[in-house]
Amino acid sequence: MLVEFREKVNQNEKVQKLIRKWSTSVLMWSKDLNTGFVLQVEYGKITEMKKADSIDEGNVRVVSGTETLLDMFRGKENIVHLYMDGVVETFGSEKDQIVLDAVAKILWS
Amino acid sequence: MVLTLNRRLKFTRLVAITMGTPLASSVFLSITIMVLMVGSLINLIFSVIISTAVVILVSLAYGELVSIYPSAAGNRIFLKKPMGNTLALSLSVMWVIIILGAAGIEAYMAGNVLGYVVGILPPFFWSILILSVVVLINIVGVEISGNFQMFITFFVIVSLIVVSVYSIFFVSNAPPVGFGSLNWLSVFSASAVSIYFFIGFGRVTTLGEEAIDYRKGIPRAMPLGIFFIGITFILASVAIFERVPISVLQNTVIPQIVLGNYILTGTKLPILIGIISIVMSFSAFNAGILGTSRLVYALGREGVFPKFLGNIHKRFLTPYASLLFLYVVVMIITAVVFFTKNYSAIVLIAAAFDSFMYAFVSYSALWHKRKLKKQEIPFDVRGGTVIYIVITAIFMLLGILLLLTSTAEVAIVVIVGVFVLSLLYYYLYKSGRLGTRR
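Chains A and B, in that order, are what the protein sequence lines are.
Taking the working numbering, the leading residue of the first sequence gets 1, the next gets one more, and so forth.
Taking the working numbering, the leading residue of the second sequence gets 110, the next gets one more, and so forth.
Honestly, the hints are just simulated from the structure, not real lab data.
Predicted model, so just to flag it, every value in this text is computed and none were measured.
Some hints could be false.
[Unchecked claim] Below are the SDA-like pairs computed for lysine to any residue, each with C-alpha atoms no more than 25 Å apart in a straight line: (1) A:K105 - A:D53; (2) B:K483 - A:V87; (3) B:K423 - A:K31; (4) A:K45 - A:V9; (5) A:K14 - B:K423; (6) B:K423 - A:N10; (7) A:K95 - B:H422.
Here chain A stands alone, though its shape is the one from the complex (with noise of 0.2 Å):
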């Protein structure tokens, strides 16, 4: 899964064309499994896809139970909407959290 949405960002020309400037390193923490991931994040495109050590890694952190992981990368679930019902935790800068916000909507809007 996270494969297939490493394609649809750095395929996306709307996305491409949004965050070509931006680099950051971007965790996702399953807090149900204590695991996650790493996405390394150059000039717009992701470049690395790595297991985390700790939540302590990345630049924003995503956190939140694996269902709802899931579904965000699937597109099911509004970023905007799990993180104003509290479901997901975002920590990071908050232009990194809002360019995170933009993207999203523009894969599955």
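Using the hints, position chain B against chain A.
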């Protein structure tokens, strides 16, 4: 050693962020309102002590809630379970409106101060200019470093304390003012107004920064920050009460500069106070506009506000639509205040709504304490149950007292505002236009 220093620095920054938003120069307008209503020095001092104490206690409720819901959408999520989605949303939207009103007052004050210090342009144009600058730097995405903001906050606090202490203890331009007689009705009425001193301290709970410790750091930083604000404004209120004649206060919108004029006539001190005041406005604006724009953006994305407010700038990656929306609304409010010259209504509306909001947050903390297991609350306040019952009651009473002792427009805006928003969002939820996950 380095780790300890870093932790201290982070904690100090959290205290500074807690103080940063409330430390606005429009607070001086609420001091004017209080001074005009208290009648004696002892009433004034007691009123600020009481408001500081109860806001410190409500910050414990915020602390418990943020430790349960880290990095969440602030009041909205704190209130959702105990009060229901519709009311929680309505109160959050009303909160945004109140913050915009406070920003309008801040622009009004900043314009008047700049008009005094710099001159050249009329105050209204200065208000527009400072608003435009703040919005522009936010759209471009210029971020003021956390350490610089921390420096500004402590500079303002220390400056205000020094000027106030100097004014109270070392200036004798008028016969000393006695403590006067105590009147509890005046004390509590003024206490309700002085809730405005602390408006927006809870912003620290919604930052979502990775470096922030939600479970212990924020809950411990908030009471300390509020304590410092309380001390600062007790001193500033007493200084203005003692040194500025009531007749002058009734006719000025820049009491802090009038104070400077009275305590050191012929020196540059009024200009220095003006500069401190402008720094306060700029800092409070930046914090308020930045935080509110993110919330308006999220509400736009969610469909609670018009969808276009959820747009971001393609080059700067900032929520420019919500920033421009805030800019226009705040400018209209500022223009209305300049036109009517009535700032007190907005200050009183903000103070009253804040009181009710604190009551709801305390109730929410109480609700969570009863529903959750102890180990599910990382920051568990000992004796919290009793504290939250008392604080809920006190804030409800303060809010009601303020509505009863203010003009009708204050009560109308607060009550009708919440009622209309609740009806609107109830309808939107029922009709399925809100609440869907896509």
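Status of the hints after comparison with the structure:
{"no.": "1", "hint": "A:K105 - A:D53", "in the structure": "violated (29 Å)"}
{"no.": "2", "hint": "B:K483 - A:V87", "in the structure": "holds (21 Å)"}
{"no.": "3", "hint": "B:K423 - A:K31", "in the structure": "violated (33 Å)"}
{"no.": "4", "hint": "A:K45 - A:V9", "in the structure": "holds (7 Å)"}
{"no.": "5", "hint": "A:K14 - B:K423", "in the structure": "holds (10 Å)"}
{"no.": "6", "hint": "B:K423 - A:N10", "in the structure": "holds (17 Å)"}
{"no.": "7", "hint": "A:K95 - B:H422", "in the structure": "holds (11 Å)"}
Hint violations for this structure: numbers 1, 3, all remaining hints satisfied.
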